[in-house]
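Trainee: Below are the chains, spelled out letter by letter.
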Amino acid sequence: MRFLNRSAGRLSRYRRGPVAGLLLLLLGLGLTGGLYQAFSPAQAAKSDTQAMQVEKGRKLFLVGCSFCHGQNGQGISTIDGNQLGPSLVGVGAAAVDFQVGTGRMPMAQPGAQAPRKKVVYTQDEIDAMAAYVASLGPGPAVPAAKDYSVEGLTDAERQEAIVRGGQIFLTNCTACHNFDGAGGAMPRGGYAVNLHSVEPRYIYEALLTGPQNMPSFSNGNLSPEEKRDVIAYITSMRETPSYGGFTLGSLGPVAEGLFAWVVGIGGAVGFAVWIAAHSTRSTKKKAEVDA
Amino acid sequence: MSIDTSKVAESNRSSAATAAKPNRAGSVALWADERLGLGTAMKKNLRKVFPDHWSFMLGEIALWSFVVLLLSGVFLTLWFKPSMGEVTYQGSYDALRGIPMSEAFASSLHISFDVRGGLLMRQMHHWAAMLFVASMMVHLLRVYFTGAFRKPRELNWVIGSLLLLLGTLEGFTGYSLPDDLLSGTGIRAADGFMKSIPVVGTYLSFFLFGGEFPGDAIIPRLYIIHVLLIPGLLLGLIAAHMLLLVYHKHTQWPGPGRTEQNVVGYPMLPVYAAKAGGFFFIVFGITAVMGGLLTINPVWKFGPYDPTKVTAGSQPDWYMGWPDGALRIMPGIESHLFGHTIAWNVFLPIIVLPGLMFTILAALPFLESWITGDKREHHLLERPRNAPTRTALMVALMTFYGLLWAAGGNDIIAIKLHASINAITYFMRVAVFVGPLLAFAITRRWCISLQRHDEQKLLHGYETGIIMRSAEGGYSERHLPISESAAYTLTARDDDEVYVPETKVDENGVAAPVGRLDALRGKLSALWFADNVQRPTRDEIEEARHHFEHELEGGHDEHAALESSESVKH
Chain A
9 MRFLNRSAGR LSRYRRGPVA GLLLLLLGLG LTGGLYQAFS PAQAAKSDTQ AMQVEKGRKL
69 FLVGCSFCHG QNGQGISTID GNQLGPSLVG VGAAAVDFQV GTGRMPMAQP GAQAPRKKVV
129 YTQDEIDAMA AYVASLGPGP AVPAAKDYSV EGLTDAERQE AIVRGGQIFL TNCTACHNFD
189 GAGGAMPRGG YAVNLHSVEP RYIYEALLTG PQNMPSFSNG NLSPEEKRDV IAYITSMRET
249 PSYGGFTLGS LGPVAEGLFA WVVGIGGAVG FAVWIAAHST RSTKKKAEVD A
Chain B
170 MSIDTSKVAE SNRSSAATAA KPNRAGSVAL WADERLGLGT AMKKNLRKVF PDHWSFMLGE
230 IALWSFVVLL LSGVFLTLWF KPSMGEVTYQ GSYDALRGIP MSEAFASSLH ISFDVRGGLL
290 MRQMHHWAAM LFVASMMVHL LRVYFTGAFR KPRELNWVIG SLLLLLGTLE GFTGYSLPDD
350 LLSGTGIRAA DGFMKSIPVV GTYLSFFLFG GEFPGDAIIP RLYIIHVLLI PGLLLGLIAA
410 HMLLLVYHKH TQWPGPGRTE QNVVGYPMLP VYAAKAGGFF FIVFGITAVM GGLLTINPVW
470 KFGPYDPTKV TAGSQPDWYM GWPDGALRIM PGIESHLFGH TIAWNVFLPI IVLPGLMFTI
530 LAALPFLESW ITGDKREHHL LERPRNAPTR TALMVALMTF YGLLWAAGGN DIIAIKLHAS
590 INAITYFMRV AVFVGPLLAF AITRRWCISL QRHDEQKLLH GYETGIIMRS AEGGYSERHL
650 PISESAAYTL TARDDDEVYV PETKVDENGV AAPVGRLDAL RGKLSALWFA DNVQRPTRDE
710 IEEARHHFEH ELEGGHDEHA ALESSESVKH
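Chains as they are written, first to last, in this note's numbering: chain A, 9 to 299; chain B, 170 to 739.
Quick caveat, the hints were computed from the structure, so don't treat them as lab data.
Fair warning: this is a prediction, and the values are worked out from it, not measured in the lab.
Don't take every hint at face value.
What the hints assert, rightly or not - To spell it out: a stretch of chain A is covered by chain B in this simulated footprint if at least three of its residues, at any positions, have a beta carbon under 8 Å from a beta carbon of chain B; those stretches are:
| hint | segment |
| --- | --- |
| 1 | 66-76 |
| 2 | 206-219 |
| 3 | 238-248 |
Stated by the list, open to error - Part of the chain B face toward chain A, derived, beta carbon under 8 Å:
| hint | residue |
| --- | --- |
| 4 | Lys444 |
| 5 | Met459 |
| 6 | Thr528 |
Claimed, not checked - Okay, derived cross-link-like pairs now, SDA-like style, lysine to any residue, Cα gap no bigger than 20 Å in a straight line:
| hint | chain 1 | residue 1 | chain 2 | residue 2 |
| --- | --- | --- | --- | --- |
| 7 | B | Lys585 | A | Gly72 |
| 8 | B | Lys585 | A | Asn221 |
| 9 | B | Lys692 | B | Arg497 |
| 10 | B | Lys585 | A | His204 |
| 11 | B | Lys585 | A | Ala284 |
| 12 | B | Lys585 | A | Ala122 |
| 13 | B | Lys320 | B | Lys213 |
| 14 | B | Lys418 | A | Pro123 |
| 15 | B | Lys585 | B | Glu671 |
| 16 | B | Lys585 | A | Ser287 |
| 17 | A | Lys64 | A | Ala122 |
| 18 | B | Lys692 | B | Phe535 |
| 19 | B | Lys585 | A | Lys154 |
| 20 | B | Lys585 | A | Gln131 |
| 21 | B | Lys692 | B | His715 |
| 22 | B | Lys585 | A | Phe267 |
| 23 | B | Lys626 | B | Asn701 |
| 24 | B | Lys585 | A | Lys64 |
| 25 | B | Lys217 | A | Ser258 |
| 26 | B | Lys212 | B | Leu199 |
| 27 | B | Lys212 | B | His417 |
| 28 | B | Lys585 | A | Gln121 |
| 29 | A | Lys126 | A | Pro146 |
| 30 | B | Lys544 | B | Val368 |
| 31 | B | Lys673 | B | Arg685 |
| 32 | B | Lys217 | A | Ser287 |
| 33 | A | Lys154 | A | Arg112 |
Think of the CB as a built atom: it goes at the ideal place given N, C-alpha and C, for glycine as much as any other residue.
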């Protein structure tokens, strides 16, 4: 105790010295940082796994994607100036999650448009590749479930969201995806996909990143709430019953014309044949065969 | 009028005959007859004879769907508001509540969701309209392919063509009324079509819209055209069409007992009244089933019209599809004259082409009678094969129409068949010219082959399917003569007469040159009938018959055995 008292007394002699405040501040900061570092192992582990995830993603990328997108995701140009695969710097994790998560990437073959097909990677692997591509440059992140869900809104708010979303849908989406989201044709074999069964998460990511022929609807263009509203409208259309009966594919007047001719005229002519074949004097017995 | 009939004999037996007491319907008919004289007027028409064939009922589909249109249309007018005044929707359809829209669109939604049976009526009305135009076209094809448009029925053909044109316009004005996104897009397109007409286009557009598009007059104007003007014209023309039918009497297929002077068939009452009346209920039933089960024009999904919006798959109804197809495949050609643009890429496919096609359609009977020089009356129908050029001409026109029709749905074809819309467009640009020519050549040769087949049946009999083996070991198929009535039916047609321009010889014996038009006519006539197979002459048929008899008489035992086995089979 005595010793302690003495040393404290000796220290306190400098307590009004010119550098004491600075030293104390540095000591405090050092202690805080050191303690934080020492007592938060979870954070340390996460930071480790993030690096590991990026590394895992890079390995997967080198095997599955680099052939077209380049070993550093920089894209590869062919000699005549076309792209074998575009640069992925800055496309963000959302683009990877969309393209690989829907099976569009890796592509089976070059063509007008990569179709949705069987997914070949697990979600963990997709997350790893997304992390790697996100590390190449800043880009849109994978949206959280609350971004595209109307959970938590009151019924009235949800209804308002659907009405707003419907108007946004008719303004921005129907020109290619058709009034019911049944899809439409794009130049040279491209197409706007049928939205009837696309998951909200992928719709949101498609809006963010603008895959293939689709323009991207950045947050400055359609705010996150507006994106959510459009998704609310699209999913509400799936839940609404088809008031008029069978939808005939929701393709508009071409399908209607087909049905008018095949079912309507086909049926009416069939009945005309039936009526003409039955008269007061017609019998079941077939008339003599006169070839 | 009451005569005491109690003393009149009831039969040729001993007791007297008395008239049975009239039943209730009879007494009503008698009451009406005594006051209106209906019996005399109806006596002839109720016994009017119509020939029986399924293809003669195709026009009836059009007639009955028109009746369905009148009935369902009247229902719709009770709620529809033809106004472009802006209101805020407050009806039952959730996804549009609170959206500003025209009264026309709001009332369409009201009919669809808040009027009992309204959506069914809307859909029935629309399906019936599709059937109306479609059945007119099917009827038109039947009339053309069987030669029923020939003298004296040319004017009825023209009336029918007018009905088709008016039906199409009636359809367009009708599906433009709800003022939804699709119909508004259609009106906007129509505005562009009008404006493509050189010089007068913009004036026409301003006249129709009462100013710049869209204005606030177009829906009320289309409405009065749709519910009063065109239906009135349609009714009048349908009446004229049917009066002429009664006056000309119905055509019939040739056959034993059927001549140019008679009509063989069943009387109006009771047979045709029942058949036609029943057919009305069938057509009504078909439209009701379609209206109840198949969505047509779901306006609530399109939303109110707004010039800033458009939807993929924006097509007109099917009967406007072929000019739309022409528009889609037309290359973008424009000229600029004194600061004005002439949009040939719009004007040619959508204004000139339909006008030209309609003129050709209405002129077909006159064109044919001019080429063939046939001015005789025809009440017996011709089989399509016996007029190969006529048949081929219509098939070529149908091919042209069909290809343009398909081009009108190029985007739907592209997504459903995974094709490139550009490739479809390039293909169609060539196909609309090559396709009809190919179709013409193929159909014509096909018809001539069928004629040859008929000739073979007449002269060599029909193939029995019985294979005979001769003593030498060779195989042959046995042919038997066709029946008398079948032979009569096959030969009941006119010989083709090629028109030969008359050459006038003046007093010096010098032939005057044939006029250029007349020479063309002669050439066309020769081409028209070229390679046709004429029916066999009497001598040829006699010879064939003699040949058959000889074969049957001189037949070996096997022949007789085969024949008897065949008769057993029958």
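Trainee: Close enough to count: is the Cβ of Met459 (chain B) nearer than 8 Å to one in chain A?
Mentor: Nearest chain A Cβ about 6 Å off; hint holds.
Trainee: Can the segment 66-76 of chain A be counted as covered by chain B under the rule of three residues or more with Cβ-Cβ separation shorter than 8 Å?
Mentor: Violated, because only 0 residues of the segment 66-76 of chain A bring their Cβ atoms closer than 8 Å to Cβ atoms of chain B.
Trainee: Given as covered by chain B, does the segment 206-219 of chain A meet the bar of three residues or more with CB within less than 8 Å?
Mentor: violated (count 0)
Trainee: Under the criterion that the straight-line Cα-Cα distance not exceed 20 Å, is the pair Lys585 (chain B), Glu671 (chain B) satisfied?
Mentor: 58 Å, violated
Trainee: Within 20 Å, alpha carbon to alpha carbon, are Lys626 (chain B) and Asn701 (chain B)?
Mentor: With Cα atoms ~16 Å apart, Lys626 (chain B) and Asn701 (chain B) stay inside 20 Å; holds.
Trainee: Are the Cα atoms of Lys585 (chain B) and Phe267 (chain A) separated by 20 Å or less?
Mentor: 16 Å, holds
Trainee: Below or equal to 20 Å on CA atoms is what counts here, so check Lys585 (chain B) against Gln131 (chain A).
Mentor: Violated. Lys585 (chain B) to Gln131 (chain A) sits at ~31 Å, over the 20 Å cutoff.
Trainee: Holds or violated: are the alpha carbons of Lys154 (chain A) and Arg112 (chain A) at most 20 Å from each other?
Mentor: Not OK: Lys154 (chain A) and Arg112 (chain A) at ~25 Å, beyond 20 Å, violated.
Trainee: Next pair to validate is Lys692 (chain B) with His715 (chain B); report whether the Cα-Cα distance is within 20 Å.
Mentor: 39 Å, violated
Trainee: Holds or violated: are the alpha carbons of Lys585 (chain B) and Lys64 (chain A) at most 20 Å from each other?
Mentor: This hinted pair is violated, its Cα atoms lying about 40 Å apart.
Trainee: Does Lys692 (chain B) pair with Arg497 (chain B) here, judged by a C-alpha cut-off of 20 Å?
Mentor: 37 Å, violated
Trainee: Per the CB criterion, is Lys444 (chain B) less than 8 Å away from chain A?
Mentor: For Lys444 (chain B), the interface hint holds, since the closest Cβ of chain A sits about 5 Å away, which is under 8 Å.
Violated hints for the displayed structure, listed by number in ascending order: 1, 2, 6, 7, 9, 11, 13, 14, 15, 16, 17, 19, 20, 21, 24, 25, 29, 30 and 33.
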